[in-house]
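Novice: The chain contents come next:
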Amino acid sequence: MEAPTMTDEHEHYEAVVVGAGPGGAAAAATLARNGVETVVLERGVDAGSKNVTGGLIYAEESAPYTIDGLLPGFREHATERPVTDYYIHNIAGEKVKTFDITQGHERDTEWADAVLRRKMDSWMAERVHELTRETGGGLLTGVKVNGLLRDNNEIVGVTCEELDPIEADFIVAADGVNSELARAAGLMDWEEPEEWFQGVKAVVDMPGDAINERFGIDDDEGEAHLFSGDLYDGVRGGGFLYTNESSLCIGNVFHLDSIVAEEAEVQELLDALLTHPLLAQWLGEEYDEREYSAKLVPDSKKAANPSPHEGRLVLVGDAGGQMQAQGPIIKGMNHAVTAGALAAEAFVEARSRGKPSTAGERYEQRLHDEGVMAKLRPMRYEVASAAGENDITTDLAERLLDSPLGRASVRAADTAGLLGRAYGSPYLASMMPDTKTPYVTLPTIIAEELGTRVADDNTIEPPSLGERIGELTYDTDVGNPHIVLEDDSVAASGAAVTACPVSAEGFGGGCYREETVQSNGDEERVVSLDTQPCVECGTCAVVADTQWEHPRGGKGVEFREG
Amino acid sequence: MHTVTLTKGVPDFREGQVSFDEDGHLERGNTPTVMNPNDKHALRTALQTKVRHGGRLSVMSMGPPGYGDVLGEAMESVYADELYLLSDRELAASDTWATAITIATGLQKLDETPDLVFAGFKTADGETGHTGPQACWCLDWPIITHVIALDVDEDEGTVRAKRLVEGDIEEIETVEAPIPAFVVADPEFEPTYRTAGDRLTLKDLRAETKERAKNHEEHMTTWDHADLNLDPDYIGLDGSPTIVSSVDPIPKAPAEREATMVDPGDEAGMSEVFDAMAAHAGGEQ
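So the protein sequences, as listed, match chains A and B. Each residue of the first sequence is one higher than the last, beginning at 1 in full-length UniProt numbering. Each residue of the second sequence is one higher than the last, beginning at 1 in full-length UniProt numbering.
One should not assume that every hint holds.
[As the list claims (entries may be wrong)] With a Cα cut of at most 30 Å, we get these calculated DSSO-like pairs of lysine-lysine:
| no. | chain 1 | residue 1 | chain 2 | residue 2 |
| --- | --- | --- | --- | --- |
| 1 | B | 109 | B | 252 |
| 2 | B | 203 | B | 214 |
| 3 | B | 210 | B | 122 |
| 4 | A | 119 | B | 122 |
| 5 | B | 203 | A | 119 |
| 6 | A | 436 | A | 302 |
| 7 | B | 40 | B | 210 |
| 8 | A | 119 | B | 210 |
| 9 | A | 95 | A | 436 |
Worth flagging that the hints you see were computed from the coordinates, not collected in a lab. Nothing here was measured: the structure is a model prediction, and the numbers come from that model.
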């Protein structure tokens, strides 16, 4: 009859892929090509409607799989402009010292394109649906997988909000940075702010010919710019700007622990970049923001799970912490693609040997053999960070750099061409400590010593936070809050008020706010929550005491650009 | 599995669409025709049956050629395979009895006898709920009304349904009938697609129908009374025993509550509004 009934007879597929981002798409396409009956479950109304990237997608020469190899036509249909020039800007006040790091960027890079996720993921989803439909499966949107189906404590499938439980021989959790499956399996947590970055981005509308003119490029060329220095009030991280066909992606990525420590209002840090004189040459007079978005980013050096599997479940992409961010190297989607395809390959091999349950171990082995894990968790960082990430060393480095000797060394290094080379070196980047020194102090001193003053007048006025929220599309699912504040004390959850990209001190239209309540004649400061403007970045899951889950399928925020 | 859903075009009674003359009579020419809103329950039942059991989904209507658009809408909304329109001047002014005879004849003329016929709950213009049951009576098939859930056993050749007894939501019974049979879905019927397989089938159907619905006329068969081999004396106005003696317009109900206009700038007035609302703040009426 019509009622969903729990029986022992569950619907069964050989493989269930949760999430239709690049990791899920790569896994599903590879499974389907090998004849594995595969169903893909995506919670957004459309693939890409829940996804945000900076963002560039890379195809590495050393990688066993690339997205255009798996889905031919990808660059033609799903991407924006290729990155043909790459710069890093060191900023101190209005002084800027720029290095061209194109050469370093091109090392091990077959190609790198700017992308917008709605366009990219929805294109991939159509191809993946065609491929998986051939196997008897297919891709469904608007379906939220909310947990693992277990039998005698063994993972045997998934449970969904919108569907009855589904059994599968192989489960790929490609459900993103806030993966509920990884957490249900105990393979990831939201405990340590040190393990995360937070990215906040604006997609800025700009006609293609204006982009060509302002950046001095052709239709088939594009630029990437990184920004660091003193424009972020000491918060560790940096900014980026990428050119799309008819828009720009401009944003910042900061260490989450630093956002919390500095009590930084992240939307104001975005405005600090947008309104810096350096950006006047590109933004012109008219500023039209298409979309404001945010995302949590795992720091693979600390968060990449070295053994991302449990029984029939494997984690790929952000769900497994597979996001490489080391200095100017920011690579996530390519690793998700590789991991997705390797996971699929591992299952296909395990199945052909009659041991499908060994897929997880085989996947882990492949991540190591193919060098993916070495990129995500470089040994050089583990060694260097042990020495470099303590207060004494940091203090020493800070004082040395800021001394006349340090400043002279910076000037000398530049004369010898060392600084430009250093920024282009993946070797050095992988050793970069997560301290103030490389993000703030060094860039600031470089700009002070070597920079030239930018005289341009930046006249743009970014939208207010209220306006930014107002421009977003939501299906708010009233009555079904997906976040529950467990502890409303300021001590436990107050950090969310500033760190949440859609909340701010003294702003009433956001998610988190601080309020004064009267109780028994006493006044008490508490944190209150309204989930409706939530952009589902997951920041509060880490910095506040919450019960966090995604909204139901098709509900919550819907990104049109991503 | 072959199912036929009966649908009808009715005046669009929604505010802003419907037009009445001074005497309160409907101005048919100035009111657009839309699919009878209650037919969506029948169509949803038909779609759920197609998703679960496969086969053909046909939609049939009797009416002027303009009803073709209503059928096109049905094709788009429930991914129908074929459309049938029973249409000619001899059929004009049929009452529910003459319509039932015509529909029953149309159902018999189909190349494949339907397993299930889904009739609408009742029409928005006539509100009789007669046509489906009468057509069923003509064919001497079983009928299950007020259906809220449906299950077909193709091997056994039976249909099992949960239905509201006398349309009462408090009283639900399960009944079984041999097919072919008529099924009338209750507005309480909600289709459910709780398996990935069903949802993927729906997605296939949507993709398949997208192109087909654009040219729905190509998938529509029109039959007149001669095609149906019907004697004009038994159909249309001549075959309709119903006599409408007169139509009384329903007077507009007088407003029961008095409204007071308050300027939001008027502080004293707003304070009165607040006081009046405060008494109900606890949820009391």
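Novice: State for each hint whether it applies.
Specialist: Right, here's what the structure says about each hint:
1. 109/B / 252/B: violated (46 Å)
2. 203/B / 214/B: OK: residue 203/B and residue 214/B at ~18 Å, within 30 Å.
3. 210/B / 122/B: Status holds; Cα separation ~29 Å.
4. 119/A / 122/B: Violated, at about 45 Å.
5. 203/B / 119/A: holds (20 Å)
6. 436/A / 302/A: holds (18 Å)
7. 40/B / 210/B: holds (19 Å)
8. 119/A / 210/B: holds (22 Å)
9. 95/A / 436/A: OK: residue 95/A and residue 436/A at ~19 Å, within 30 Å.
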